[in-house]
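Undergrad: Residue numbers (our numbering), protein chains in the order written: chain A, 1 to 627; chain B, 1 to 627.
Hints are computed from structural coordinates only; laboratory data are not their basis.
Where a beta carbon is used, it is the ideal one built from N, C-alpha and C, also for glycine.
Hints should not be assumed to be uniformly reliable.
As the list claims (entries may be wrong) - Sample of chain A residues lacking proximity to chain B, with all beta carbon distances greater than 10 Å (derived):
#1 P21
#2 T510
#3 K522
#4 K536
#5 D552
As the list claims (entries may be wrong) - Residues of chain A placed beyond 10 Å of chain B at every Cβ, according to the derived structure:
#6 P36
#7 S101
#8 Y109
#9 A464
#10 E558
Claimed, not checked - In silico EDC-like pairs for lysine to aspartate or glutamate, Cα to Cα no more than 20 Å straight-line:
#11 K555(A) to E544(A)
#12 K300(A) to E363(A)
#13 K438(A) to E182(B)
#14 K555(A) to E544(B)
#15 K419(A) to E554(A)
#16 K419(B) to E371(B)
#17 K27(A) to D96(A)
#18 K555(B) to D500(A)
#19 K27(B) to E554(B)
#20 K501(B) to E544(B)
#21 K501(B) to E558(A)
#22 K296(A) to E371(A)
#23 K501(A) to E248(A)
#24 K501(A) to E562(B)
#25 K501(A) to E363(B)
#26 K501(A) to E544(B)
#27 K501(B) to D298(A)
#28 K296(A) to D116(A)
#29 K438(B) to E371(A)
#30 K27(B) to E371(B)
#31 K501(B) to E371(A)
#32 K438(B) to E166(B)
#33 K27(A) to E100(A)
#34 K27(B) to E182(B)
#35 K52(A) to D500(A)
#36 K501(A) to E544(A)
Number of protein chains: 2
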Amino acid sequence: MATRPTDMVNTMQDAAVTCGPIPGSHKRYLGGVRFPELRIPLREIRQSDSRKRDGSLEVNPAIPVYDCSGPYTDPDVVIDIHAGLPAMRWQWSPTDTAIESRPEPGSAYGRARLADVRTADLRFHHRREIRRAANGGNVSQMHYARRGIITPEMEFVAIRENQGLEHLRASHPALFRAHRGESFGAQIPDTITPEFVRDEIARGRAIIPANINHPELEPMIIGRNFLVKINANIGNSAVTSSIAEEVEKMVWSIRWGADTVMDLSTGRHIHETREWIIRNSPVPIGTVPIYQALEKVDGKAEDLTWDLFRDTLIEQAEQGVDYFTIHAGVLLRYIPLTANRLTGIVSRGGSIMAKWCLAHHQESFLYTHFEEICEIMKAYDVSFSLGDGLRPGSLADANDEAQFAELHTLGELTRIAWKHDVQVMIEGPGHVPMQLIKANMEEELQHCFEAPFYTLGPLTTDIAPGYDHITSAIGAAQIGWYGTAMLCYVTPKEHLGLPDKNDVREGAITYKIAAHAADLAKGHPGAQVRDNALSKARFEFRWEDQFHLGLDPEKAREYHDETLPQEGAKAAHFCSMCGPHFCSMKISQDLQEYAQSKGEDIETARLEGLQEKAEDFKRLGKNIYLR
Amino acid sequence: MATRPTDMVNTMQDAAVTCGPIPGSHKRYLGGVRFPELRIPLREIRQSDSRKRDGSLEVNPAIPVYDCSGPYTDPDVVIDIHAGLPAMRWQWSPTDTAIESRPEPGSAYGRARLADVRTADLRFHHRREIRRAANGGNVSQMHYARRGIITPEMEFVAIRENQGLEHLRASHPALFRAHRGESFGAQIPDTITPEFVRDEIARGRAIIPANINHPELEPMIIGRNFLVKINANIGNSAVTSSIAEEVEKMVWSIRWGADTVMDLSTGRHIHETREWIIRNSPVPIGTVPIYQALEKVDGKAEDLTWDLFRDTLIEQAEQGVDYFTIHAGVLLRYIPLTANRLTGIVSRGGSIMAKWCLAHHQESFLYTHFEEICEIMKAYDVSFSLGDGLRPGSLADANDEAQFAELHTLGELTRIAWKHDVQVMIEGPGHVPMQLIKANMEEELQHCFEAPFYTLGPLTTDIAPGYDHITSAIGAAQIGWYGTAMLCYVTPKEHLGLPDKNDVREGAITYKIAAHAADLAKGHPGAQVRDNALSKARFEFRWEDQFHLGLDPEKAREYHDETLPQEGAKAAHFCSMCGPHFCSMKISQDLQEYAQSKGEDIETARLEGLQEKAEDFKRLGKNIYLR
């Protein structure tokens with residue numbers, strides 16, 4: 001590409017990220033109990049009062065919701081992306097393990113890059129010290145959990161998962177009206193405690209991706225007994241995109257609800273782009289280190305070596321990457337299983353490793369050096385995201401021998417990682433028709449011992465390029481229901497191009513829908529609170545509240561404005577769909593108020609009320625519309 | 001509204017509808033066997049050849065797909081919406097029943113409207129003769145089916161359902177590679193015969209909505225043993241929209257795949273709008289007659305009478321409406337069951353009837369005069385769509401006593417309609433979390449005796465106004481899989497405003513996805529053909545074919561152009577997501593070609609091929625990317 005480094009610098013000088021509150025929301029922070037220094041973010045959606053027909057007011061409580069948007073939505077925080085976010089975690093009570101600070105990068109590449117004058121202007125200048133476990137120690141959350149230690153991160157995520165709903169449960173029990181879930185074996189307690197978090201992490205059923213070199217992180221947890229999370233992919237390619245755009249895409253995607261972000265950059269300046277992203281990211285950042293390794297050998301997969309890859313892992317671990325996708329399950333003997341597939345190998349990482357394996361006729365260094373990788377992971381607490389290099393790229397290839405053979409190998413690798421107390425999640429498909437989705441979850445639970453499943457979609461049909469956020473949300477909601485812990489979003493550009501900001505927003509909201517639909521179906525305690533609040537607002541024609549309680553207040557308002565732009569319409573007791581004559585909700589309100597005004601319970605109303613109601617009705621002019 | 005009739009006339013004079021082929025598609029017609037005069041439409045997506053590495057070409061067959069876009073996508077047809085579509089069905093062999101032609105409308109309203117000079121300029125001027133069964137006879141498809149008669153409509157839909165795939169099954173068996181479905185009791189034969197259609201209609205498990213006064217119709221079938229269909233709602237309201245816009249919305253929605261269209265107009269000139277729509281519609285048109293009846297009494301529900309409603313049914317039946325939503329299941333005793341709901345009654349029709357019932361303290365005339373309604377339906381062959389007036393409007397209200405009580409009553413009404421040989425489908429919810437969806441289908445199958453289920457969504461969460469096409473597509477795909485025969489689309493504007501053309505397109509494509517995902521999951525024979533063809537095109541970098549085989553070729557191309565606008569990129573063996581270095585599909589192609597070139601089967605390749613492959617690989621320069 002023709003972009004000169006100086007262009008990039010200019011881009012960073014002009015760089016702006018989207019800041020400011022989400023409409024109708026206010027940022028709040030909760031403190032810890034064990035660790036009072038914690039500031040756990042929440043977003044509170046304030047509601048207006050309900051006006052009853054007798055003129056009295058009913059106060060509607062603020063609805064707290066999980067918030068992964070970081071300081072960018074806090075109007076009290078001054079954002080400077082050149083300085084990065086504060087190193088919050090480093091101010092927390094230290095956990096009892098020796099950590100050493102390194103004077104210079106531990107990777108040859110990191111050192112070379114630092115010495116390279118050509119990239120000096122591109123660099124993020126507020127470099128942090130580099131930390132790692134001293135003396136071959138282990139700083140992983142799993143390691144602490146297994147030793148019975150509750151870390152600040154564990155209390156942080158416990159409080160965060162409860163979403164500040166506890167006090168509402170007592171004060172507004174009606175908001176907690178919910179259907180019984182079908183959890184397929186997940187067991188989500190009413191209240192998440194730090195002890196529960198510790199236990200889930202110790203047994204490998206959940207992970208907190210939290211590299212000790214990512215002190216800007218607001219920790220979050222991924223596991224089937226917690227809220228379903230979503231990941232957004234960003235990253236430039238050889239073809240397009242600048243560093244500034246990628247930083248903004250990260251900020252933009254967390255604004256719309258991304259719980260983690262993967263930087264899949266494959267173009268120039270991968271190292272520098274990543275530094276900018278991590279220093280400004282309050283959410284875990286994942287990468288696929290083989291992408292950068294391949295750039296280092298000019299795209300020649302067969303020239304990849306363990307030493308080069310190892311150096312790349314250290315380079316990225318020291319920058320603060322929280323989880324690595326490692327395609328260590330692509331074994332030599334599985335590759336021919338893909339030969340008769342309709343769409344072969346569609347994972348970039350999987351195809352790179354397949355190419356290497358064929359060229360060398362050996363198992364990949366990812367597999368043969370897996371224990372050494374674990375040693376690196378535990379020194380920084382990088383989590384594994386064991387990649388599904390042989391995932392199906394079309395319905396025809398779903399659930400085939402290649403896919404499940406690799407999944408079983410990922411299970412074996414999980415055991416090895418756990419032996420090292422390294423956190424693991426497992427990546428999943430892909431393209432899968434609905435009737436085959438459940439088998440994917442069952443295979444994963446059985447063969448990977450309930451390690452968190454992290455799936456891409458799955459897409460439930462191949463025939464809708466341009467709409468694959470939807471083909472895949474259908475599958476994502478289902479697999480999330482069955483037990484997947486994190487859903488990797490798919491944008492409308494999937495298969496066609498790189499997502500722009502609109503696509504990122506569309507993909508993120510679509511996946512928040514899928515994740516929330518899954519939480520509801522599992523019977524997550526508290527999941528239905530927001531639905532109930534929004535539906536109450538809708539029924540009471542509190543339009544502003546309805547917008548604010550939604551996943552995308554801006555779009556909801558914009559759509560309402562298109563038909564009824566007048567400000568007065570936001571207070572109207574009807575909407576453009578039916579107009580004032582046809583408003584079913586108005587009639588229903590009258591019915592409810594009638595029952596309430598009589599002080600009757602529903603049974604009495606059923607038995608006695610109707611005749612009287614008919615009389616009232618006629619007496620009051622036979623017209624219950626408000627005009 | 002301030003619109004004067006003359007404005008409307010001008011609007012109609014300028015009216016234009018979207019015509020022309022869908023990119024890459026060619027219109028074809030199949031003939032009947034019993035009825036050679038039939039011309040059953042198909043859309044054929046032509047593909048380019050695959051170029052193999054040895055330079056030889058593989059011919060890819062044209063893929064025929066179900067086509068509901070009507071003559072508008074046939075470049076050989078001259079469209080004149082002022083003339084309407086040809087009265088095709090009236091030229092088919094008459095079925096053995098006495099039909100009479102009426103000299104003037106049978107409804108008082110129809111006659112008055114015809115005599116009203118103020119609407120003269122608004123009218124559709126090529127009025128058709130009005131037909132009905134003579135001497136109290138029955139012209140319903142169910143009536144013929146039960147007498148063992150196969151009508152032209154039955155052969156038409158049988159051939160249409162097979163989608164012209166029969167010859168491909170022999171010539172290209174690989175295209176039919178598909179997974180075993182899970183049909184939950186649906187039994188879809190490999191080939192649909194007219195006899196099978198007749199049988200399904202006779203037992204009430206499928207309907208062909210086909211009013212004898214809608215001769216422009218290309219018949220289609222709705223039933224769980226056929227392709228899942230989708231409906232698009234259009235219609236003006238008191239607030240917005242003109243006749244010309246509504247005609248274009250109908251044409252536009254069938255272009256994007258709507259199998260039926262409901263005209264839900266509630267504004268002025270309902271009668272004239274409907275006439276324009278039906279005369280130009282090749283798909284069944286449904287209405288909710290109570291909407292127009294309410295307009296006739298100036299919005300005062302309690303002033304509705306059976307006589308007025310009866311006149312409205314005749315008025316609309318004589319215009320050619322193919323199915324009526326009738327909310328006859330809203331019984332007096334069910335209304336108090338909604339009093340403690342979070343969102344009461346959200347169906348317009350349901351709330352109108354509830355208001356009437358309360359005002360009169362009587363069961364509604366829809367219920368008490370149900371058999372007389374059946375007499376009208378059978379004289380024209382209008383199908384019932386028994387309305388779910390008490391469907392839930394929020395998750396909290398899903399599957400409650402009110403909803404299921406009404407559903408059971410719809411079952412009783414189904415039996416009555418069937419006694420009259422009148423076709424019936426049953427409307428369903430609404431807002432339902434995923435874990436409660438299956439119960440809806442099961443209740444319907446059991447209590448409505450497998451009459452086709454026709455559901456709105458269901459929406460699986462309430463928290464995403466602006467994205468309810470997606471919240472509901474998740475539910476629609478599932479309920480379609482479980483057995484729903486037709487899915488009523490939801491657009492992004494649901495709850496917020498009236499859909500514009502973009503919303504109609506977005507809603508229609510989203511629901512085609514849900515319906516197709518359901519067909520695949522049920523194991524519909526042939527459903528996976530298009531997926532397989534598209535995935536093959538994708539794997540072979542036949543970009544144009546990939547676009548054309550998709551549900552929305554225009555959007556797919558537009559998205560591809562955004563990142564790689566050059567025409568050459570449409571022939572590129574990589575795309576913008578990964579760039580040339582990272583293309584997994586290329587590597588996979590090489591693997592497959594290797595296996596094929598050796599003439600080895602997959603087992604041999606697995607056992608012996610790898611060492612040799614590694615050698616080849618090195619010898620060929622270790623680089624298998626095409627540059």
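Undergrad: Run every hint past the structure and note whether it holds.
TA: Each hint, compared with the structure:
For P21(A), the shortest C-beta to C-beta distance to chain B comes to about 18 Å, beyond the 10 Å cut-off, and the non-interface label holds. Look at T510(A): its CB is around 6 Å from the nearest CB on chain B, not clear of 10 Å, so calling it non-interface is violated. At roughly 8 Å, the least C-beta separation between K522(A) and chain B is not larger than 10 Å, which violates its mark as non-interface. Some Cβ of chain B comes within 10 Å of the Cβ of K536(A); the nearest lies about 6 Å off, and the non-interface call is violated.
Annotated as non-interface, D552(A) brings its C-beta within 10 Å of a C-beta of chain B; the closest such distance is 5 Å. Against the 10 Å criterion, P36(A) stays outside the reach of chain B, whose nearest CB is about 33 Å from its own CB. The beta carbon of S101(A) sits about 36 Å from the closest Cβ of chain B, which is more than 10 Å, so the claim that it is off the interface holds. Annotated as non-interface, Y109(A) keeps its C-beta farther than 10 Å from every C-beta of chain B; the closest such distance is 18 Å.
Residue placement check: A464(A) does not keep its beta carbon more than 10 Å from all beta carbons of chain B (closest about 5 Å). The Cβ of E558(A) does not lie farther than 10 Å from every Cβ of chain B; its closest approach is about 8 Å, which violates its non-interface assignment. Distance check on the hinted pair: K555(A) and E544(A) sit about 12 Å apart at the alpha-carbon level, within 20 Å; holds. Among the hinted pairs, K300(A) with E363(A) is consistent with the structure: their alpha-carbon atoms are about 17 Å apart, no more than 20 Å.
Proposed proximity of K438(A) and E182(B) is supported: the alpha carbons are some 12 Å apart, at most 20 Å. The straight-line distance between the Cα atoms of K555(A) and E544(B) is roughly 33 Å, outside the 20 Å bound, and the hint therefore fails. Proposed proximity of K419(A) and E554(A) is contradicted: the alpha carbons are some 48 Å apart, above 20 Å. Among the hinted pairs, K419(B) with E371(B) is consistent with the structure: their alpha-carbon atoms are about 10 Å apart, no more than 20 Å.
The suggested pairing of K27(A) with D96(A) is violated, with an alpha-carbon distance near 32 Å, which exceeds 20 Å. For the proposed pair K555(B) and D500(A), the alpha carbon gap of about 15 Å is at most 20 Å, so the pair holds. The suggested pairing of K27(B) with E554(B) holds, with an alpha-carbon distance near 18 Å, which does not exceed 20 Å. Straight-line distance between C-alpha atoms of K501(B) and E544(B) comes to about 25 Å, which puts the hinted pair past the 20 Å bound.
Between K501(B) and E558(A), the direct Cα distance comes to roughly 16 Å. Compliance with the 20 Å bound is thereby established for this hinted pair. Restraint check for K296(A) and E371(A): not satisfied, since their Cα atoms lie roughly 23 Å apart, outside the 20 Å limit. About 9 Å separates the Cα atoms of K501(A) and E248(A), which keeps this hinted pair within 20 Å; it holds. Proposed proximity of K501(A) and E562(B) is supported: the alpha carbons are some 13 Å apart, at most 20 Å.
Restraint check for K501(A) and E363(B): the C-alpha separation of about 55 Å exceeds 20 Å, so the hint is violated. Taking the CA atoms of K501(A) and E544(B), the gap is near 26 Å; set against the 20 Å cutoff, the hint is violated. Restraint check for K501(B) and D298(A): not satisfied, since their Cα atoms lie roughly 48 Å apart, outside the 20 Å limit. Between K296(A) and D116(A), the direct Cα distance comes to roughly 15 Å. Compliance with the 20 Å bound is thereby established for this hinted pair.
Between the alpha carbons of K438(B) and E371(A) the distance comes to roughly 46 Å, so the proposed pair goes past 20 Å and is violated. Taken as a hint, the K27(B) and E371(B) pair is broken in the structure, with Cα atoms around 43 Å apart against an allowance of 20 Å. A C-alpha spacing of about 57 Å is found between K501(B) and E371(A), which places the hinted pair above 20 Å, so the restraint is violated. Taking the CA atoms of K438(B) and E166(B), the gap is near 33 Å; set against the 20 Å cutoff, the hint is violated.
A threshold of 20 Å between alpha carbons decides the hint, and for K27(A) with E100(A) the separation of about 35 Å lies outside it, so the pair is violated. Our distance criterion of 20 Å between C-alpha atoms is broken by K27(B) and E182(B), whose separation comes to about 33 Å. Simply put, K52(A) and D500(A) have alpha-carbon atoms about 45 Å apart, too far for the 20 Å limit, and the pair is violated. Pair hint K501(A) plus E544(A) does not hold up; C-alpha atoms about 25 Å apart against a cutoff of 20 Å.
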